[in-house]
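Student: Chain B: place on chain A using the hints.
So the protein sequences, as listed, match chains A and B.
UniProt numbering numbers the first residue of the first sequence as 1 and each following residue consecutively.
UniProt numbering numbers the first residue of the second sequence as 1 and each following residue consecutively.
Incorrect hints may have been included.
[Unchecked claim] Below 30 Å or equal to it, Euclidean Cα-Cα: the simulated DSSO-like pairs (lysine-lysine) are:
#, chain 1, residue 1, chain 2, residue 2
1, A, K193, A, K169
2, B, K123, A, K158
3, B, K76, A, K167
4, B, K76, A, K151
5, B, K78, A, K169
6, B, K30, A, K167
7, A, K124, A, K192
8, A, K167, A, K192
9, A, K34, A, K108
10, A, K124, A, K193
11, B, K123, B, K167
12, A, K158, B, K47
13, A, K101, B, K167
14, A, K62, A, K108
15, A, K108, B, K30
16, A, K145, A, K55
17, A, K161, B, K123
18, A, K167, B, K167
19, A, K62, A, K169
20, B, K91, A, K100
21, A, K167, B, K91
22, A, K124, A, K149
Source of the hints: derived by calculation from the structure; they are not laboratory data.
Small disclaimer: the values here were computed from a predicted structure and weren't measured.
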Amino acid sequence: MRKKEFLIVFSVLIVSCFTIQSQNSNFEFQNEEKIESFLVENQLEFNREDLVIFKNFEAFLKFNNDGYLIGPVVHVFDKDGLYLEYIKISDIIDKLSNFKKIRNKPKKDAIHIDSWFNDLVNYKTLQPLQKTENNDYYFVLSWAKFFNKSKNMDALFKWYKVLQRQKIKGENIQIVLLNMDFQDYWELSPEKKEDLLKQANK
Amino acid sequence: MKYLIVVLMLCLSLPLFSQNYVPKQTENIKITYLPLNELQDQINSSKSATKIIYFYSNTCSATLEFNPIINDLYLKNKDKFELFVISRESKRNQEALNNYLFYEGLYFPVYLTNKKSFSSIIKTLCSDCNEDVMGDSSFYILDSDNTLLAQSHYDLTADQKKNLISKYLD
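Bound-form chain A, shown alone (with noise of 0.2 Å):
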């Protein structure tokens, strides 16, 4: 990304970012070592295959520009990979528990699961998410470091849990642990990863 461009982004990720800073969050660059040391020191289970991050910059601030950026959040797809909504916290035993309760009208203007995918990479073999066929629900469920709250987290890998639960029961469904934070991997250079930083953490 060209100087010019990456200043532009920038000032953009300098409003946006504080939708997702608002709970004394603290940024810092991940990679594979990082993320997988934070989940077995805090004892948070997960498969390899699920866990996901944004394959460059430019990704996470499109996904944060448009709102999708909040956490720790489920949020579901339907069969054609509409998005359908995210769960509200007061809703998650219902509708984790229950398919039948989440909403079934997909949400206009909504990025469909395909934008996704083609934005995210495993953390682990930087290779893109495959899509799986044949599902009936898509599950993204958003958790970064940043959060800084062992309560939010210990929630979100609960969710997973419950998901697994529904799959081994027999439901065709993906899920997708997304890693938000900001990776190593998209190799900015150090004086953009220094003042990303310094906005984030202001």
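Tutor: Just chain B, lined up with the frame of chain A:
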């Protein structure tokens, strides 16, 4: 050097901890409605060497703490005892209860009944129990002849309750 070994061990163990997590429970949620007299018959007629009758709630903090413990004991020792989990939840809230149990991964068998007062249920089911020290999250243990072997009381911690049950499973 010791530090280095610890770090090395931690590094080696990371992939083991993190990969291929698969939940173990593949059970179904079990909720049965029985009028109290039928529930009593079912408990009494059970031939299990050990029967545990546990009072469940999803609002009482002691129960919330003990639910996963007794659920785990049940799933690991099904062959050693029969568990009757009694909820005073109304029958019309069965769906919400089902959702809650699934969400929490509680696969123990739950019984709803027609009586809502703890006192009337315990008096009917266990005349030898001391109901004054019992409530939600309490349990009592019967042998196959329905003789009272033990009961929990308010003062027991979750660990003490677990130990009390374990004593009868060995």
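Student: All hints, please: hold or fail.
Tutor: Hint by hint, here is what the structure shows:
1. About 44 Å separates the Cα atoms of A/K193 and A/K169, which puts this hinted pair outside 30 Å; it is violated.
2. Our distance criterion of 30 Å between C-alpha atoms is broken by B/K123 and A/K158, whose separation comes to about 38 Å.
3. The suggested pairing of B/K76 with A/K167 holds, with an alpha-carbon distance near 22 Å, which does not exceed 30 Å.
4. Using a Cα cut-off of 30 Å, the hinted pair B/K76 and A/K151 holds, with the two alpha carbons roughly 28 Å apart.
5. With a C-alpha separation of about 20 Å, the suggested pair B/K78 and A/K169 falls inside the 30 Å cut-off, and the hint holds.
6. In summary, the hint linking B/K30 to A/K167 is supported, as the alpha carbons are separated by about 19 Å, within the 30 Å threshold.
7. Among the hinted pairs, A/K124 with A/K192 is consistent with the structure: their alpha-carbon atoms are about 23 Å apart, no more than 30 Å.
8. In summary, the hint linking A/K167 to A/K192 is not supported, as the alpha carbons are separated by about 41 Å, beyond the 30 Å threshold.
9. Between A/K34 and A/K108, the direct Cα distance comes to roughly 37 Å. Violation of the 30 Å bound is thereby established for this hinted pair.
10. Only pairs whose Cα atoms come within 30 Å are accepted, and A/K124 paired with A/K193 is accepted, the gap being roughly 21 Å.
11. For a cut-off of 30 Å, the pair hint linking B/K123 to B/K167 stands: about 25 Å separates their Cα positions.
12. As the CA atoms of A/K158 and B/K47 are separated by approximately 37 Å, the hinted pair breaks the 30 Å bound.
13. Simply put, A/K101 and B/K167 have alpha-carbon atoms about 43 Å apart, too far for the 30 Å limit, and the pair is violated.
14. Taking the CA atoms of A/K62 and A/K108, the gap is about 18 Å. The hint holds against a cut of 30 Å.
15. The hinted pair formed by A/K108 and B/K30 fails the criterion: a straight-line CA distance of about 39 Å is larger than 30 Å.
16. Between A/K145 and A/K55 the CA atoms are separated by roughly 17 Å; this keeps the pair inside 30 Å, and the hint holds.
17. With a CA separation close to 39 Å, the supplied pair A/K161 and B/K123 exceeds the 30 Å bound.
18. Note on A/K167 and B/K167: the hinted pairing is violated, with a Cα-Cα distance of about 36 Å set against a maximum of 30 Å.
19. Restraint check for A/K62 and A/K169: not satisfied, since their Cα atoms lie roughly 35 Å apart, outside the 30 Å limit.
20. A hinted pair counts as satisfied when its Cα atoms are at most 30 Å apart, and B/K91 with A/K100 qualifies at roughly 20 Å.
21. A threshold of 30 Å between alpha carbons decides the hint, and for A/K167 with B/K91 the separation of about 28 Å falls inside it, so the pair holds.
22. In summary, the hint linking A/K124 to A/K149 is supported, as the alpha carbons are separated by about 24 Å, within the 30 Å threshold.
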